[in-house]
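A.B. asks: For reference, the chains in residue letters:
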Amino acid sequence: MRDRLIFTGQLVFTLLVAAFLVVPAALSIMAGVTVNYFRGIQSGVTLQWVAQVWELYADTILLSFLIAFATLGVTLAAGVPAAFALHVQGGRLSRVVEEIITLPLAIPGLAIALALLSTYGGFSDFRRSWLFILVGHVVFTMPFMVRSVMAVFSTLDIRTLDEGAASLGASPWRRFRDVIVPNAVPGILAGSLMVVTLSLGEFNLTWMLHTPLTKTLPIGLADSYASMRLEVASAYTLIFFVMIIPLLVAMQIFADKERAR
Amino acid sequence: MVPRRKGQGHHRLMPHRTFVWLCLLPLAAVTAAFFLLPMARLVVTGAEGPRGLAGYLAILVEPRYRATLNNTVLLAAASTLVTLIVATIAGMFLQRHRFPGRAVLIAMLTFPLAFPGVVVGFMIILLAGRQGLIGDVSNRLFGEKFVFAYSIYGLFLGYLYFSIPRVILTIMAAVQKLDKGLEEAARSLGASPWAVQRDVVLPALAPAFVASGAIAFATAMGAFGTAFTLATNIDVLPMLIYTEFTLAANFATSAALSVGLGIITWFILALARSFSGSAVAAAG
Chain A
297 MRDRLIFTGQ LVFTLLVAAF LVVPAALSIM AGVTVNYFRG IQSGVTLQWV
347 AQVWELYADT ILLSFLIAFA TLGVTLAAGV PAAFALHVQG GRLSRVVEEI
397 ITLPLAIPGL AIALALLSTY GGFSDFRRSW LFILVGHVVF TMPFMVRSVM
447 AVFSTLDIRT LDEGAASLGA SPWRRFRDVI VPNAVPGILA GSLMVVTLSL
497 GEFNLTWMLH TPLTKTLPIG LADSYASMRL EVASAYTLIF FVMIIPLLVA
547 MQIFADKERA R
Chain B
36 MVPRRKGQGH HRLMPHRTFV WLCLLPLAAV TAAFFLLPMA RLVVTGAEGP
86 RGLAGYLAIL VEPRYRATLN NTVLLAAAST LVTLIVATIA GMFLQRHRFP
136 GRAVLIAMLT FPLAFPGVVV GFMIILLAGR QGLIGDVSNR LFGEKFVFAY
186 SIYGLFLGYL YFSIPRVILT IMAAVQKLDK GLEEAARSLG ASPWAVQRDV
236 VLPALAPAFV ASGAIAFATA MGAFGTAFTL ATNIDVLPML IYTEFTLAAN
286 FATSAALSVG LGIITWFILA LARSFSGSAV AAAG
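Protein chains in written order, with our numbering: chain A, 297 to 557; chain B, 36 to 319.
Check before you lean on any hint, since a few could be wrong.
To be verified - Cβ-to-Cβ under 8 Å is the rule here; a few derived chain B residues that face chain A:
| hint | residue |
| --- | --- |
| 1 | 66 |
| 2 | 191 |
| 3 | 257 |
| 4 | 259 |
| 5 | 311 |
These are computed hints drawn from the structure, not numbers from a lab. All of these numbers come straight from a predicted model, not from anything done at the bench. Note that CB positions come from ideal geometry on N, CA and C, so glycine has one too.
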């Protein structure tokens, strides 16, 4: 009887916490397709707000995808070889390098953005282009890629694999391409999902780095929260959910698979 | 056979080492140009104000800045504490019981993981804003509209929204690793359920509390998006840095303040890492 009571109490508590997280998201989805949020869903269901968001903010959505995939490209090109090098090299130097590249995780985005502005703000062509935002996103997401790939390396005997291929006469580059990278695929995929998700949602850095001509989706969201009616802001948020939730689900499936191995 | 292979291996050693260094080169270049150099520049900028190096002390000495710092630390600490309590109760429950709908409940509790701060701010507006659910319900029940999204309480709620999913995941993983034998032993020795929780379970979870608490605290200290969405005049450090930079055009002060903020969050995470031994990082 007592156990039953404790169980029920905990269940109710957990349900309330879940409601706190889910109810506003559900409200936002509902508001995004409601004719008039104030009058409620009885006022009718519409896609006019979604259409209006697309009209007003389509460029922010496209720019966000462009930046997310460019960030992914750079973090793959620089992060995967570096993870390999840091793993093979080992020792103190590697630990110091790893420490330095993970620093951006511990420092608020605002500080990193101000640092970039103070250094490169004067280069006006660079400052005005979307590449300026790309640089911020690369700095912020790089640790996730490097760590995720290194985590896979640490479960493999990469040195033996590499030496085995070397004894067969393969050049370092071919070994990297044909032996190391294929073995790192789970880490590369997990890291990639993380990088794209983080880049699509990044606001703290981007708000400082953007210009009126380089607005990303989260910037547009903040803009709509401040100046648009609730239905439009909600429809915009709905579009963001639709973009981000498949990535989250993929990440979850991936994590479960890794755990099962 | 053996000497020849050895000789071959030696011959390859040099190009291999060069290759490893080459692998590190792109990352080193990106990090140096776009992180180390800018951070160094920021530290220098912080000392370029009218007060010079003393600009760095302003965060502690100037009453207005110090009040903001206190506010921020207090808010971050309070939201971390409440998050830990909430996440421990829910996480322990979810890890220890199997019931229909459990997977759905876990999914509901973790899906806001990837929400940026701005979206979290909007969620709080929908709950406690002018057209929010809480105001609507309170209006019907008491004839009065409770609206607190645009105050420090709204920000507090936002930090809870942000941290609970992360902390629940860490706590659930830690509960899974607990040795149930210890609890059974304590119980068989006559310890009450409460005593088992207090003397066996909670101490065993301490590393998880430290690690996830540090992340929640550091994230709350530096969170900008949520505060920005809720109101521009909430008195927390990231908003102060932002207004100093944009409204007051005071680059030196905002640089000094953000270096100070960065040192605080880095220090908290480093401290937590030396306690718990695992990698700890803030996000968002």
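A.B. asks: Compare the structure with each hint and give your call.
C.D. replies: Hint check:
no.	hint	result
1	66	holds (6 Å)
2	191	violated (13 Å)
3	257	holds (3 Å)
4	259	holds (5 Å)
5	311	violated (15 Å)
Taken one by one, the earlier hints fail for this structure at numbers 2 and 5, listed in ascending order.
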